[in-house]
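In order, the protein sequences belong to chains A and B. All residue numbers for the first sequence refer to the UniProt record's numbering, where the first residue is 1 and numbers rise by one. All residue numbers for the second sequence refer to the UniProt record's numbering, where the first residue is 1 and numbers rise by one.
Worth double-checking, as some hints may not be accurate.
[What the hints assert, rightly or not] On the chain B side, residues computed to face chain A include the following (Cβ under 8 Å):
| hint | residue |
| --- | --- |
| 1 | 29 |
| 2 | 38 |
| 3 | 39 |
| 4 | 43 |
| 5 | 48 |
| 6 | 49 |
| 7 | 67 |
| 8 | 71 |
| 9 | 72 |
| 10 | 73 |
[Claimed, not checked] In silico EDC-like cross-links for lysine to aspartate or glutamate, where the CA-CA straight-line distance does not exceed 20 Å:
| hint | chain 1 | residue 1 | chain 2 | residue 2 |
| --- | --- | --- | --- | --- |
| 11 | A | 41 | A | 79 |
| 12 | A | 262 | A | 95 |
| 13 | A | 248 | B | 49 |
| 14 | A | 161 | A | 3 |
| 15 | A | 219 | A | 230 |
| 16 | A | 248 | B | 82 |
To be clear, the hints were calculated from the coordinates, so they are not data collected in a lab. Glycine included, every Cβ here is placed at the ideal spot set by N, Cα and C.
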Amino acid sequence: MREIRIALTGNPNVGKTTLFNALTGSRQHVGNWPGVTVEKKTGRVSHNGYEIEVVDLPGTYSLTAYSADEVVARDYILEERPDVVVQVVDATNLERNLYLTTQVAELGVPMVIALNMADMAEAQGDTIDLARLSEFLEIPVVRTVGTRGEGLDTLLEAAIKEAATSPHHEHTIGYGDDVEATIAMLADALSTDIDLARRYPLRWLAVKLLEGDENVLDKVRGGPALARVESILSSIDSDEYEAMMADKRYEAISAILPQVRKANVRNMSPSDMLDRVVTDRYLGIPIFLALMWGTFQLTFTVAAPFMTMIEAAVGWLAEFVAGSIEPAWLASFLGDGIIGGVGAVVVFLPNIFILFLILAFLEDSGYLARAAFIMDRPLYALGLPGKAFIPMLVGFGCNVPAIMATRSIEGEKDRLLTILVNPFMSCSARLPVYILLAGTFFPEQAGSVVFFLYVLGIAVAIASAKLFRSTILPGEVSPFVMEMPPYRIPTAITSLRHMWSRGSMYIRKAGSIILIGVLVVWALASFPLGVEYGSAESFAGMIGHLLEPLVAPLGFDWKVAVALIFGFIAKEIVVGSLGVLYGTGEETLSSALLADPGLSAAAALALMVFVLLYTPCVAAIGVIRQETGSWKWAGFSVAYGLVVAWLLAFVVGHSAGLFLGGI
Amino acid sequence: MESPDSEEHTTPTTLDRIGHGCRCRVVGVRAAGALRKRMLAMGMVPGAEVEVVRAAPLGDPTEYRVKGYCLSLRRAEASLIEVTEEGR
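From just these sequences and the hints, can you work out the full model?
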């Protein structure tokens, strides 16, 4: 059995992932490219005695060093040398798609074009002459329809055949006499660097140097060709060359197109008509808000019964273990520690899966691009990109899927900023704490108190975004240069796969961190051996006493401090912990709290503010670590949250104390 | 013969000043670095014909049709693209 490696490349929104899924089926592996948070997907397929590995490169519009995605795609083709590169091309949008073709072709690798969505091009009345297109490009062109699995065998055969025909010359377009002369000069200079010349196509290096590509200049640095290359480059204006060469590439495409495609002239496509309504000046925002409200409702109401079921099952299992295993510490370790920890991971699954199914649907249909288009203006004013709206909204339900939903944000800084302010959106786990405390201490104004907390969370998120923009993440919001893809009807299988890949990533990556966090808290509550779980004598209780001076200015005693430590697992646990610490059930907790002279109404308000703002729960920390790729930002989020919570709880508590008779 | 196309029409302006439904032709891109590369890759090359499709509900960003597809840009980015107006 012979093995070959295929790299899939293409613009975003061309059905590349669908084609990848259709090719490899369930034989897939999802991970990250080394060093970056860009997703790496590989899959396997057998065909005619060949074992084929398919690598799905990130979707890009070109192969400059513009973004992490482009660098990953380009480096893979150049450094890992796949046997053949398959570019997935959207048949309804040939002009811009072929721009990438001109760039991949310059890399001098065997190449095949999958002319995808061919059915849609035909449906709108376009006819494309595949044979002529292939002749002009000197690249085999295969008709595919990824959603229906059409053309896959032909594509694989073309790829296998192309992989075998070597050596390969790079087929490129001409850039005109002046530019070509400079390219030739540069290539000649570069040829003196034997090591470089062996690894990269000289013409490609020369073209990139002319475009002012720093990444390529770095490859030349330290080699014998540097002096000559620098002297040639110093005499030209790379900005001007860059524009000229981009223009030439598009010009070459424009010259080919009329000879291979008969395009049906349309006055207005269905997509256009839909956009007239969806992005209408008056209707656009209400439609957007209604869709978001629907997403939110579906995610949290549909998930709620599943979550209750999971909680009940976990609770039953923990109780069963507690009652049937000796000694007691082992039962507690298995019940409260392991089962509780796994439960903490699993309980979010209904939310995550449903939300990602809806988001996959919105994204694949093309609506997400419209949402960003509509919301960009107001969010830009706050220093956030338009795409930050959905994660912020989802944060009201649960910060875990919300932080994962930031993946659609392109700019690395924008995305980091959106992640860091997300925990201040008051998630639904904080609501039970508000209901208990507001209901107990402010029975008449409970609704207003809860509303105040939500608004405070939003205000802190906005203020933090402004603060981070002027300090740790300086600069403007990334430029907004976004394709508005035509609307498409997503297929169920694509959306389900999309959902599964995100959801399973959460279990594998964040899951272990959450489990460890829960086990640490369990150990604190259970040791030294023989103490009652979470009592004053346990390590958690000791830490509570130790922390008491720190939280005393906020009007909290050691019991509150312990409850807050437990809230680290999940904020709603604060309620249950207070119940344990006050020695009552949750039903009578209200009166126990009121009877405690150590906890004033002002302090209760301060406590709600503290619970709103202090450290993200262990699950949120797990996904922050996963999504930012570093503990640094997860740690920062915890520290920043604690400081902000302490300060605002102090201010709110003491201000309220003036009216309520002391904290 | 003497004068190239662009000078027959109006004087150069920037893309953010073109009205809805109007067409124009790109003369140059004044952006630098990564943004410049991105705009060029997206088809905003000298000579490209651009149609202003519509603005977002709050007036910014704006959607344009270029090279057979739709692209949206903020006013800030559109103001970096020099164009000559070609009428409706």
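task = Assess, step by step, whether the Cα of residue 248/A is no farther than 20 Å from the Cα of residue 82/B, and give holds or violated.
result = This hinted pair holds, its Cα atoms lying about 18 Å apart.
Supplied contact hint for residue 72/B, tested at 8 Å Cβ to chain A = 5 Å, holds
Status of the hint placing residue 67/B at chain A (closest C-beta pair under 8 Å) = 4 Å, holds
query = Given residue 29/B as an interface hint, is the shortest Cβ-Cβ distance to chain A below 8 Å?
reply = Holds. Min distance 6 Å.
Hinted contact residue 38/B with chain A - closest CB pair below 8 Å = 5 Å, holds
key: Proposed interface contact between residue 43/B and chain A, which counts if any beta carbon pair is under 8 Å   = 6 Å, holds
inquiry  = Quick check on residue 39/B please, does its C-beta sit within 8 Å of some C-beta on chain A?
reply    = The hint holds - residue 39/B has a Cβ within 8 Å of chain A, the shortest such distance being about 6 Å.
query = Regarding the pair residue 41/A and residue 79/A, is the alpha-carbon distance no greater than 20 Å?
reply = The hint holds at about 18 Å.
message = Holds or violated: the hint that residue 73/B contacts chain A, with Cβ atoms closer than 8 Å.
response = Residue 73/B check passes; min Cβ-Cβ to chain A is 6 Å, inside 8 Å.
key: Pair hint outcome, residue 248/A versus residue 49/B [Cα-Cα no greater than 20 Å]   = 15 Å, holds
query = Once the shortest beta carbon distance from residue 71/B to chain A is found, is it less than 8 Å?
reply = 6 Å, holds
query = Going by Cβ atoms only, is residue 48/B closer than 8 Å to chain A?
reply = 7 Å, holds
Hint compliance for this structure: hint 6 alone is broken.
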